[in-house]
Structure formats: C-alpha cells, structure tokens
Amino acid sequence: MASPIARVVLDVPLDEAFDYLAPNARPDDVGRRVQVPFGRRKAMGVIVGLSDHSDFPAARLKPVAHIQRDTPPLAAADLKLLGFCADYYHHPLGEVVLNSLPTRLRQTGETALPSRRRYHLTAAGLALQVADLPPRAGVQRKLLTLLQEKGGAYREELAELAATAPQAIKHFLAQGWVEESEELPTLAPAPGTQAPSLPALTAAQQQAIDAVRDAGAGYRVWLLHGITGSGKTEVYLRLIDWALAQGKQALVLVPEINLTPQLEERIRRRFPAKTLVSLHSGLNDTERVHHWLLAQAGQADIVLGTRLAVFTPLPRLGLIVVDEEHDGSYKQQDGLRYSARDVAVVRASQAGVPIVLGSATPSLESWHNARSGRYGLLELPERAAKNAAPPQVHLIDTRHYKPDQGFTSPLLNALATRLERKEQSLVFINRRGFAPVLMCSACGWVAPCHRCATRLVVHLRERTLRCHHCGHEERVPLGCPSCGNADLVSVGHGTQRVEETLAARFPEARILRVDRDSTRRKHALRDMLEQVHAGEADILVGTQMLAKGHDFPKLTLVGILDADGALYSSDFRASERLFSQLMQVAGRAGRAADAGEVLIQTGFPDHPLYGALQRHDYAAFAESLLDERRQAYFPPYCHQALLRAEAPKLIDALGFLDAARKLALELDYPVEVYDPVPAQMARLAGKERAHLLVQADARKPLHGFLKAWMAALRRDKNAKVRWSLDTDPLEF
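All residue numbers for the sequence shown refer to the numbering used here, where the first residue is 3 and numbers rise by one.
Take these hints with a grain of salt, some might be off.
[Unchecked claim] What follows is a list of derived Cβ distance ranges for each label pair: (1) D287 x H474: 47 to 57 angstroms; (2) E510 x R376: 51 to 61 angstroms; (3) Y156 x A418: 53 to 63 angstroms; (4) E381 x A536: 52 to 62 angstroms; (5) Y403 x Q633: 49 to 59 angstroms; (6) D660 x R518: 33 to 43 angstroms; (7) Q352 x R71: 19 to 29 angstroms.
FYI, nobody ran anything at the bench for these hints, they're computed from the structure.
Predicted model only: the values in this text are computed from it and were never measured.
Each residue gets a CB set at the ideal place from its N, CA and C atoms; glycine is no exception.
Construct all of the structure, not just a fragment, from the sequences and the given hints.
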C-alpha cells in the first residue's frame, strides 16, 4: 500500500501546500503541527490534508521528520476560518495558519508545554482497600486514601503528603494500581466562591438582552449602540451568562491591551466559578500558549483577548462579543492585514452563533449594515447609573480666548473649580512627548527624522528627540545644525509639556500623566488606574489610552486640547475618527451622580462635527457622513483594495505599481484601477512608499480580479520592491 501523502503548509510567502511522505500519519493528524525538511533546514508546518497520491513522483518527495502529537490538532472549523482569511485577504495559507498559533507552537523541536503530572487509580487500584496494605505502610495508606477521596492527585500534592510519597507512588505504578498522565493546569478558582449580586437593569438593557436571547443561539449579528456609560458591559455579561448556561464558551474581543485588565477583573468577579483566560501581547510565551491550549481543550469558559484572539480554537463556541467595534486597532497593519471584527463576524457565521458588536460610536460600515437590516440594532440611549446624564459639552473659541501654553482661561478656571470641589479632571491631548517640533528661531530649521517623512518629537526630561513612527532616537543638539544658533525652540504641545504647565499653574494638585511613555513598565497602567480610583490623583493628563473603556466615578471635567488638527486631514475617514475619539473621551466625565462637563478648545466652533457632539447625536452625524460617502462613492458604497509597495527609492516603488496597473488593465474585470501615488507618509523607516487603489461596486468581482492579479504579480519577481495587498484598507 502506498505511503500516505501529507499536504503541509509552512510559514513561507508561497501560496501553496507542500507534499511529504507520511507513512505513520493517521486520519486525525489533519490540523497537527509537523516538522519537515525544507531546503537546508527543518521547518514547522501544519498538515491541512492527507492524500494517497501526489502530482510529484514519490522518489522526489521527502518524508516528514516528526508529527507533533503533544497537542491537539486544529479542528476542521479552525482550518475553515483560516482558509477564508487566506482567500479573502489574498495571503499565503501557510503564513495565515502558522501565525495564528502562539509563538511556542511555531518553533521546531519539542515544545516544553506547561503541564502537571497527575496520578489516577486504575481498575485494580479502585478495588484496593486500605486494609489490604501493610499496617506499617503509613504513607502508602495515606496515598491510597488521598487518591480515593479526590479521584486523583498531582505530583506537587504528593510532596505535601509526605517526603516519601514519590517512592510510594512508584510502588503503586509498579503494582499497576495507578496510571499517570500529563494535564494542563487549570485556572479555575476553588469551588464555593459566590458570584456578586447583579445590578438592576435599565429598560433598554433588558430589551437588548431579551432580543438576543429570543432570537436563539443561531447566527445573527447584533450592533449594540449605547452612549458612553449606558451599561454595554453589563449587557455583555448577561449574554455571556446565557451562553455559559448552555454549556458554551464565550469569546470577548477588546481593541487594546490597556482595556484588558479592567474588563478581565470585572468578568472574574461576575463568574468566579468559571475559567477565564486572556490572550494579548502583554503575556509571555509560556502564559500565552498555556491559555491558548486551555481554550482549545475546552477548559476555558471565557476567552478575553485582543486582535489575534479571534483565531483561538474554541470547540464549544456559543457567543462572540466585540467591544468598541469601531476601533482601528482591530485592523492588522502588516503581514496578514485582517480586520479582527470582520473575521469575528465570519467566524460567528461559520459556527452558527450570535455575535454582538458594541460601541458608542459604531463604524459607518456597521451602522450602514444595521440601518439596512443586515444587522440587528440594539439601542441604549441613557446612562445606566442612577441620576447620571451625558456631560454638557461646551466649546471654547480660541479665536476669542487665546491659549497661553496651550490653555485658555475658561479651561484653567474650570480645572481650578474642580480642585476646590475635590473632583477629578482629565486633560486630553493625543500627542506624546514634550513638543512635536524642535525649531531654530534664527533660520527656521526643524529637527527631521532622516528615516521617515516626519519630524522628531521633543522628550525634554530625557533630553532626546524621538520618532514616534520608526523609533529612531537622538540627543537634543546644543545648537542648530544648519546655522549654529543656540536658541532652539520647542513648538507645540505634548503630554509632557501639558503636565509641566499644569504643575506650574496648580502646584498643589496631584497630576498623573498616562501615555505610552509613562506606562512602559509592566503593571504601570494598572497601578495608575488604582491611584485614580483611590482618589490619589486630581488631574489626569492622557492620550487615547484614557479615551475609552475606563470608568472613573469621581471625574467630572474633561478638557480637550488641539482637536482641530484632524479637520485638515485629506483622509476621508478623519472626521469619523475624530468624532468617535471626542465622544469617547467626553464620555469619561460625569459617569456617576455628579454632573459632567466637557470643554473643547477649538478655532471652528461652528463646525457641524462639534454641533453633533454637543447634542450627543451620533445618528445624525453618521447619516450625514454616509450621505457624503454615497455621493463621493466611498465605502461602504464600494469595496476597495490597496496594493502597497516600498523600496529604497520612490521611483522603484512607483515603477512597480505602474507595471502592476498595466497588468490589471489587461484583466477583464469590472473594477476601477487608479494611478499609483506616494503614500501620505512617503518615507517610513528608511523605505519610500507608494500605493495603488482598486475598487469595485461589489465584493465578488473585486475578489475575482484580485485572485487573478495576485497570481500574475507573484510570477513577476522584483528584488528591489517589497509589496503587499491590503483588502478593505483603513489607512492610505
């Protein structure tokens, strides 16, 4: 009989599977990791199929080196989802499959998995009585009693029993009274822990929960549109409880790692007897593979994670929740450029389970789907806390009130009032560092990043200039490199400068800066949030890290600096992002009984965006933007793909794209192919970048075209240019 042929995908940029001889392969090995020879090295792959024949002669096929059976295989449902991603995003299947795995499972060699050795009584051991053991064998008697009472014991429990227990267990093994196994340690708490009492629901919350439950456990997409503080998380928790009661698992996605600890703690308090695992970049490799394997084994009831967690194997999946579904962090911006939100919707469809997309400011694509009836729409129009109302939003006209060191007098007066009342304030500026520009007062020179088409940001305390795009860092020069002038001026404001200004203006205030720089230390953000909740901070200075997901009951004032910059952007999504960001950060104010106020410093107080923000009218603003998108023929009224190219020289990138455009025009598909242009940031990390936009009325013709186009482009080797395809791009 011919040896089985294993079809193996590898983490290589080739859109094909490779055939290997696998004489020891079993039908249940599909989805397993496998070590195979590839060129001059051994590589880790995944078996995606078994066959009894190959298009290549058997003499040319190499045998697999080793099939890894130390972990369960990926299930057919997992491979189906990964196959969809490879097809939809036109990315090599091997890279999709391997990069969905934790790092430890992608490495060759035996994986030292976090496991515990457990001992169980065999049939002969179960028939054994304590009286059957010698009277002097006190440790053996204790051991048998322990195994009978608990149904088994871990190795570390034996050490606690007696110093000679390991010798006793060896005797039991030799007699055939026990058998040993390797098991993953569980994270479930000790039994007996009581769940907290449930808060009272608002009528809107109850209606939303009832709507999902009444629709049943089958596939349906629900858009949960609730204003900030309306209790969306409580709706999630009730629906998770509903799924768990059916013996199912729940997958909860959040956009950023800094939102994970707070939500994780809340879920643990609500479901103390259930196993919750988290999956995000803050875990080390051992923690991540442990949590992933618990989910795959069905031992984890709830999985909470960021973008990549959408691919976690879940054999009992019953519900998916995507919090802050509008957030751009769900879109991967390199490699496989997938949207975790969109993949989650596809996964729910394939698994036949409901999915809830929650946001105070849904993406226009999701809002359009809800308005057209494709998604069910659930509304939470009021805040959940008793007597809590949306904050009052006031605009400070900077044409009338000239800012001094970034602050107008009305905003400073409001901060002083909150300090007198012992209330907390948040000053929001979405820019890190001390100042965005270092300029020479004599010749006008500005400090550039020589690797990117941008300026270096001043970090005054460290006396450094940093690029927030490529990470380049250098010392602040003593004089102008152009003319030698020693008078170098920091222009503009970042969080560090705002913190310094406030400290000088309010020396008695406890000021806490929360941005990526101040939270680099592990657990730094958690410790800062504990300070805020304990009332140990008077004024918070923060970036978008504080804009969403946080609940600060004592915070009653939000001041927003430099919001107008996005109004100048050429990106058609800029106003959508700005409105979302401002509404999210405004929602941090007045979430408890004390009224909240939001002060926005702007030079355009009559702009419709700010008017909608004052009215808290997302629906009207979204409809106006959709009308603009319809007239301009932008998504969601068309479907786009972006071919990106980068090279040491811009002329090479544009030349590649021009050739790609000519190739595209030769294909007979109803798509519109635009001219190649430099990217908005034409140089990044020393590479010149350009892109070419393709769009179509419908997805089917677009993806038919992309499949043929990608196949042709992959045949045309160009060593000077690195290129990639971005389906449904968010950034240009």
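Consistency of the hints with the structure:
| no. | hint | in the structure |
| --- | --- | --- |
| 1 | D287 x H474: 47 to 57 angstroms | violated (28 angstroms) |
| 2 | E510 x R376: 51 to 61 angstroms | holds (55 angstroms) |
| 3 | Y156 x A418: 53 to 63 angstroms | holds (60 angstroms) |
| 4 | E381 x A536: 52 to 62 angstroms | violated (35 angstroms) |
| 5 | Y403 x Q633: 49 to 59 angstroms | violated (36 angstroms) |
| 6 | D660 x R518: 33 to 43 angstroms | holds (38 angstroms) |
| 7 | Q352 x R71: 19 to 29 angstroms | holds (26 angstroms) |
When held up to the earlier numbered hints, the structure conflicts with 1, 4 and 5 and fits the remainder.
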